[in-house]
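Peer 1: Line by line, the protein sequences are chains A and B.
Quick note on this note's numbering: the first sequence kicks off at 14 and runs consecutively.
Quick note on this note's numbering: the second sequence kicks off at 85 and runs consecutively.
Read the hints as simulated data drawn from the structure, not as lab findings.
Check the hints yourself; a few may be wrong.
[As the list claims (entries may be wrong)] Label-pair distances were calculated between CB atoms; the ranges are: (1) Leu246(B) - Gln131(A): 30 to 38 angstroms; (2) Arg111(B) - Gly430(A): 45 to 53 angstroms; (3) Val189(B) - Arg335(A): 34 to 42 angstroms.
[As the list claims (entries may be wrong)] Which bits of chain B does chain A cover? Going by a derived footprint, with three or more residues having C-beta under 8 angstroms, they are: (4) 175-188; (5) 294-302.
Backbone N, C-alpha and C define an ideal beta-carbon position, used for all residues, glycine too.
So the chains spell out like this:
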Amino acid sequence: MAIVLIGVNHKTAPVEVRELLAFSEGALAAGLHQLVDGEILREGLIVSTCNRVEVLSTTGKDQLQQGTERIRDFLSRSHNIAGNSFSAHFYQHVDDQAVRHIFRVASSLDSMVVGEPQVLGQVRRAYSQAIEAGTAGRVLNRLVHHAFHVAKRVRSETGIAASAVSISYMAVELGKKIFRSLEGCSVLLIGAGEMAELSARHLMNAGVARVMVTNRTAAAAHRLARDFGGEAASFDALADHLAEADIIICSTAADGYVVTPEMAAAALNRRRNRPAFYIDISVPRNVDPAIGKLPNLFLFDIDDLESVITSNIREREHEAQRAELIVDSEVMQFEQALRALDIGPTLAALRQKLQDIARHELERQRSRLGQLSAEQENAIDALLVGTVNKISHPVLNHLRRSAGNGESIQAWREIFGLETPDGATAEDIDE
Amino acid sequence: MKPLLLAVLAAYFVAAIHSILAFVNKRRALQRVCDLSLIVGFTLHTTALIADWVIDRRYPLLSLRETLSFLAWTVVAAYAVVLYRYGAYALGVIALPLVSLLTFVSIFLRTGPTIAVEQLSGSSGRWLFPLHTTLLTFAYAAFFVVFVSSVMYLLQERELKLKTFSAFFHRLPSLTTVNDISTTAATMGLTLLTLGIATGMLWSASRDGRLWHNDPKEVFALLTWLLYLGLLVYRSTARWRGRRAAWLGVLGFLLVIFTFLGPRLMDSYHVFG
């Protein structure tokens, strides 16, 4: 049995290629049925997102060549692409390399933004679609569950997703760093841009108690306040509102400074020096950078946020190296588990083989035994099977214990002339 | 008592190492090892202190050796309180190595009691003196917590202002948290210090009728008291929140260390505690 993975991702293929190869939600089930024929490809799973299209499948060890060709064919045919035109973009992994790849994908080590959390959900969705289509079998079930386990370990044991890498999430992270928890904090939104709204939404999800919105045009402020379930605040009384807010997000289209050092200092004074967090996402800047020098006030403009994000991405890449070690050890563990999975059919085949030998010998000698009652027939059968089972029991037990050792299983198979695990006989007995 | 104290030292040492490892690697499993060995160490330490008291019939706070051991015990207790109240594990990275060091020194330092027991046998001295030293030891532990949380505040405040974040940044508790820890610990420390000074005065009065001797230690203790009082007053009027209060917390602790050890260099009858 071999695990094969063929696909493209953002590193190997430009978006024009990826979008051609992508599967729509509706096309996936049909695709899975088309892919898995039960002969060459036995199981199948397709992960199709904007950054990757990957086909994961299992095939026989001696059918590897046919299997990979079939997957490549499938990818071209299902998108009406001529022959090998994209083959340069495909990567192909087999067995432990395929296992490693799917572990890395699920752990978000292969993502464009390393550590982003969406990819795990995408793999999860791909898996449930494979289950619905009935193309996830013994091996893929194990593999995907193991991949979820690896992703969880990576997330909890490394800092791969610890720091924010987007501006809107940065506001939440820095807010938590200053105020411990955002619950009970109030936010003032001055003006509105897409980024400011997104930041405000993230902050609300993180539990801020109160959102105030102000704008030069009162109507716009009211509209936004309604959107956010917040309160509209008058622009003329901006100085008052500054004192009430813990987090101030500023993004107006004004040319000059909307918040001056005098206003900020007065607000701090009225806040009895409780810390204030200013985020200025407007270009040109709307908050006078001089206020950053005031004590207990923290000001971040768009460049500050961008540079923190850059350093966070570097930090994530550093953590990713630790994550790779986890993946390494988990790949080894999975290989072991997989070999243990292989042992089941072998044991059954072995037991069957020994019983067959015994019954065969009985048949050869049967005529000499003369007429026997049904009871006697049964007794002889029980005698044979019992003897065979008693003798083979320690051998099978030993095999089960050394399941992690693939070579010894293979050796036993050869000794008793059993077919390889890829041959139909052994597997049919098991299933 | 020595084997027991060595076990205490070993447990504290393991806790300190794992606290640092947990801080660096952000691993909860390591933190659990730290917590467990700290619990073991603290239990054994408590047993040792009580045993000292019961068996030797001597309150264990007379020699430098005993004082350091008790100080280590109070720092662990203070750390436990901070953990329970604020979950600020980062404190352990500085507190637990210090605890290990104090325990180590207290085990391997060889000095007998420097205050003769007879000196304490005055009528009220018997209970006033131990109370005096105990209160002050707890006060020192509280001021140590103020110091560490102030340092954590300053580190983070600086990084937030400069907008460059080091590896420390993500591992330290939020500004508000360390600010709260610092304020609470300073309040407790000042209360204990006030009571400690007061009991010391009463003891002194009962011994020779004088409340104040102009002893270097007394003078420094008074300065310390004024400094922390100033810190809390300014904090409550909200004029000195944040960085400046944190600097006072650092400065105050330097004064505390000097009050604790400095007078030995000058001619003082106050030696420890």
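Peer 1: With reference to the structure, classify each hint as holding or not holding.
Peer 2: We went through each hint and held it up to the structure:
1. Leu246(B) - Gln131(A): 30 to 38 angstroms: holds (32 angstroms)
2. Arg111(B) - Gly430(A): 45 to 53 angstroms: holds (51 angstroms)
3. Val189(B) - Arg335(A): 34 to 42 angstroms: 37 angstroms Cβ-Cβ, so the 34 to 42 angstroms window holds.
4. 175-188: violated (count 0)
5. 294-302: violated (count 0)
When the structure is compared with the earlier hints, violations turn up for hints 4, 5 and for no others.
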